[in-house]
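Peer 1: Sequence:
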Amino acid sequence: MRKAGLLGLTLAACGLCGALCAPQVSAHVRYEASISDTQAKDWSTKSSKISCVLSSYIKDYGRADFVLLSGAQRRLSLEFFPLVTIGSDSKMRIISAPAEWRPEGVEREIGDITLYRGFNPFVGDSVSWVMLRELYAGQRILFPYYNQLPNYEESIIPVLSPLGFSGPYKEFLDCSAQLLPFGFTDVGFIALMFYDTENRLTPSSDQRLHNQIEYVKNDPSISKIIISAFGSGHDDNLDNINLAKERAQAISDVFTQNGISKDLIEVRTYGDEQLATTGYTISDRQESSKAIVELQRDPFKVDRRLEVDMPDVGVPEDWVPQSPE
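Numbering follows the UniProt record's numbering, with no gaps: position 258 of the sequence shown is 258.
No wet-lab data here; the hints were simulated from the structure. It cannot be assumed that every hint is accurate.
As the list claims (entries may be wrong) - Pair by pair, the computed Cβ-Cβ distance ranges are: (1) Ser261 x Glu104: 55 to 61 Å; (2) Leu238 x Gly259: 33 to 39 Å; (3) Gln73 x Ser34: 37 to 43 Å; (4) Leu173 x Lys217: 20 to 26 Å; (5) Lys224 x Lys245: 15 to 21 Å; (6) Glu100 x Leu264: 48 to 54 Å; (7) Thr256 x Tyr116: 42 to 48 Å; (8) Phe119 x Ala99: 27 to 33 Å; (9) Thr197 x Leu173: 45 to 51 Å; (10) Asn211 x Glu107: 41 to 47 Å.
The beta carbon of each residue, even a glycine, is placed where N, CA and C say it ideally should be.
Make the full structure from the sequences, and use the hints.
Peer 2: Right, dumping it as structure tokens:
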């Protein structure tokens, strides 16, 4: 009985040690287009006046999107959409390497990013432009990183190939040339000034309104346009209310004359006495020869990339800015 008990303990200990001390299995996986696949169409573009997207399909790995947005600051970014989400925090290196058919070329690291479990890899403006230049020059871009799992570690290398890149890249550049110089954050909420006791906009306000209308035409997520018009300057508040209505109608007419459906427009008007009851100060009321136009969007159609100030992720510590070619 004693010997059997000792034997059982020994076997149990060995089993526990085997579970705890089992060697970690590792795998190395590279996802890259083959030069023998002549039918592959790895690169494609999607263009509008508010965004330009240059996409690469990486077989068995997922998709990578270069995105350039409208606005005063046209920031480029690269985001990966892997079929299997990132399983652990890690570091992704960004390497420019010679194409498969140019083994004599030079390999160099151009940046790196931190990966977070459950989040898509994202690269900011500076390094994204460098990657595009390298791809156009015939280099391929490697993104090696480790995906850590219990008792299992993967070395993963998705690769952006220069195969078929040139044509879509030129389409992407053509798209960038016609991007609007303003984005949602610039025109989503605007104040319009009128001449005193008139329903005629000042020239600068008229320009702001037309910028907003141009944006609405190109953003399918816009679900409502709220026009809040204010009237003051008359002794009789009824005259102020009528002035506010005239101003609201004038703005609404500009929208509909430019092809915007009246079903999207909601009008709110305020006279001088109404301003007093809505918390406006005397100073506010004196400056109330204006209207406010606010855009609302369908949350299920919103592309959040169009309004977030994307950080310049990926720039190495020894980064030296390159002058545009």
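Peer 1: Against this structure, judge whether each hint is valid.
Peer 2: Okay, the hints, checked on the actual structure:
For the pair serine 261 and glutamate 104, the beta carbons lie near 60 Å from each other, so the given range of 55 to 61 Å is met. Checked against the given bound of 33 to 39 Å, the beta carbons of leucine 238 and glycine 259, roughly 34 Å apart, stay inside it. In this structure, glutamine 73 and serine 34 meet the distance hint of 37 to 43 Å, their C-beta atoms being roughly 38 Å apart. Taking the beta carbon of each, leucine 173 and lysine 217 are about 23 Å apart, inside 20 to 26 Å as hinted.
With their beta carbons about 19 Å apart, lysine 224 and lysine 245 fall inside the hinted range of 15 to 21 Å. Distance hint for glutamate 100 and leucine 264: a CB-CB separation of about 52 Å, consistent with the stated range 48 to 54 Å. Between threonine 256 and tyrosine 116 the CB atoms are about 47 Å apart, so this pair conforms to the stated range of 42 to 48 Å. Range check, phenylalanine 119 to alanine 99: Cβ separation about 30 Å, and the 27 to 33 Å hint holds.
A hinted range of 45 to 51 Å for the beta carbons of threonine 197 and leucine 173 is consistent with their spacing of about 50 Å. Checked against the hint of 41 to 47 Å, the C-beta distance between asparagine 211 and glutamate 107 comes to roughly 46 Å, which is consistent with it.
Violation of the numbered hints given earlier is absent; every hint is satisfied by the structure.
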